[in-house]
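What follows is the residue order along each chain.
There are 2 protein chains.
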Amino acid sequence: MSKKISIAIDAMGGENSPTKTIEGINIFVKKNISNEDFLLNIYGDEKKINYELSKFKIPHNLIKIIHTDSVISDEESPLTAIKNSKNTSMWSTIKSQVDGVSDISLSAGNTGVLLVISRMILKMIPKVSKPALAGLWPNQNSMNVVLDLGANIECNDTNLVDFAELGSALYKSLFPNDKPLVSLLNIGSEEIKGTETLKKAYQKLSSLSNEKNFLFKGYLEGNEIMKGKTNVIVTDGFTGNIALKTAEGTAKFITENLKDTLTKNLFTRISLIFSYFALKNFKQRLDPRKYNGAIFLGLNGPVVKSHGATDSLGFYYSLDLCYKIVKGKFMEQIKNNLSHLESD
Amino acid sequence: MSKKISIAIDAMGGENSPTKTIEGINIFVKKNISNEDFLLNIYGDEKKINYELSKFKIPHNLIKIIHTDSVISDEESPLTAIKNSKNTSMWSTIKSQVDGVSDISLSAGNTGVLLVISRMILKMIPKVSKPALAGLWPNQNSMNVVLDLGANIECNDTNLVDFAELGSALYKSLFPNDKPLVSLLNIGSEEIKGTETLKKAYQKLSSLSNEKNFLFKGYLEGNEIMKGKTNVIVTDGFTGNIALKTAEGTAKFITENLKDTLTKNLFTRISLIFSYFALKNFKQRLDPRKYNGAIFLGLNGPVVKSHGATDSLGFYYSLDLCYKIVKGKFMEQIKNNLSHLESD
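Top line first, the protein sequences correspond to chains A and B. Take the first sequence: its letter number 281 is residue 281 in the working numbering, and every next letter is one higher. Take the second sequence: its letter number 323 is residue 323 in the working numbering, and every next letter is one higher.
Bear in mind the hints are in silico, worked out from the structure with no lab data behind them. There may be inaccurate statements among the hints.
Same chains, same names: a pair is fine if it fits in one copy or spans any two.
What the hints assert, rightly or not - Below, in silico cross-link-like pairs of lysine-lysine (BS3-like), each with a Cα-Cα straight-line distance of 30 Å or less:
1. K130 to K335
2. K324 to K199
3. K227 to K290
4. K3 to K30
5. K259 to K200
6. K329 to K227
7. K200 to K57
8. K264 to K3
9. K252 to K229
10. K83 to K283
Make the full structure from the sequences, and use the hints.
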């Protein structure tokens, strides 16, 4: 039997934890009970965790609880939180990767603090210029990987090329049968468009693309992100963050207006009787909880950040993402993608 | 009787012109026939224009046709097009503003060429650092002005402050009773977030805001653009273009999926009988044609760019926007906003 997939979970981060984290764990265990190829290392207040666990029937061989005394609070300033982070549930979660106990970490705690202490503990992969925060974004066919979503507000061409390598490794771990198509987010599709940084990254990616594990498709405009013509979308953290949040805001605006429209009078409420199941499917497809989990890439081990405000189902999806990333041998994919740097 | 509002129209630019431009003009005239406070100067191929006009009953005192021999084609490279632009319908349209014949220009032709020749002919307003392309963006209450949408891919803090002045003048010309609320697009709402350029612009706008014709509200994140908490959203042209196109792509993705959902089987098609009128209202509210028209600001005269691919109704909305901008005394609003620069 091959080695089990070990996932370190910060049970205490985010709103309504550890209730929601343990509920999310329960959903995950129920769906994967037949696999039995995983071990969940749960970090946090042992008493609270055990109380939540007592509500479910989770086999003891699939989980391990490691008690930690303190938690990083969302009220603290990031600087104070980082200073006091040692031996918190978040710290111990990440630390377990260095100790060889876990393959990946998951937390719904403070993003800024998580990025800083992950980098402190796990350290950067040699020759990777900057780490990046990647996300999953639904598209017409399936989903894209988009990065950076906010770890680096200013990026040079080397950073963007590294993001292409990291992002395509992530995509390949999630969709092992595909050769990832990589695009650079820009304000036009012609080669002459965009900033000098983008033009340089374009040149570098064009020459790398043939020999590598991905195919560079050139520039992509904002309106094409969801068309499903590409798999990995590379941008700087400022632009990526604005694009992601603008898309979220637009989706919310439209779906809320639609909801108001379809509940506004007797006729529309009758219409819902006939369209109920179809609209339920529509809603499920766009459910942001399905895409929950930003992946911190470029360190000597992957770290997944769940949205702090998500519920147990959202937390489940980010845990499932962790499982898939390790199962898809993400760290090996990265090593393959970066092998050309060895000879530099 | 006060001076008439004179609008110069390039009848030849964009797809399916002059058919759609003249149809759009006809819609405008029908809606404003009782006002009679405007004159439309129509530039282009006189024969073709007259043929299209013959389909409608437009009073002769409301329009004037000025023949031009050539048209800027979308097939030409921007550089060649600019070189050969003199005496085209687009050139003559803009030129009429310098000649004192028109107050504003409207074209659905090539954007890049329009920006360059507008700047050549109209010249920059003294002390404005860069011109900007502004757009109207729907929100929960009404609409925002967002700028820059792509005229300048890199901007410094002075440019952003100028955009705030130009954008709030535009907003005030469209909504005369409001004191515009201005926000800077950023990746977080705290003062310490974002690039150095944004932080400097934040400082300058904070000190300007009290004495001026607008109120600075600080930073705004991408997901808040459509919440209706602000009126003018300022960003660089790269970010603005990505945000706008990402929002368009997201809206298209959702509405197309919704359409598929509601037509997929007998039950959903029955539901449409009951929700038909409500959904029609919903669709109309989000109709991108209603927000057609990007406004080029910072020159000695406003220029409006209609989407090239829009239809006659979309062209009508951009013409209506021209009318409102002049009626709202946009150039006077700019002068007021920039008066503090006189003493610098």
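Okay, the hints, checked on the actual structure:
1. K130 to K335: within (16 Å within a copy, 46 Å between copies)
2. K324 to K199: Neither way: K324 and K199 sit 34 Å apart in one copy and 40 Å across, limit 30 Å.
3. K227 to K290: Both: 18 Å inside a copy, 24 Å across copies.
4. K3 to K30: within (21 Å within a copy, 76 Å between copies)
5. K259 to K200: neither (45 Å within a copy, 41 Å between copies)
6. K329 to K227: Intra 28 Å, inter 41 Å, cutoff 30 Å: intra-copy only.
7. K200 to K57: Result: close neither inside a copy nor across copies, 55 Å intra and 56 Å inter.
8. K264 to K3: neither (56 Å within a copy, 46 Å between copies)
9. K252 to K229: both (24 Å within a copy, 15 Å between copies)
10. K83 to K283: Answer is neither; intra-copy 42 Å and inter-copy 52 Å both fail.
The structure shown violates the earlier hints numbered 2, 5, 7, 8, 10.
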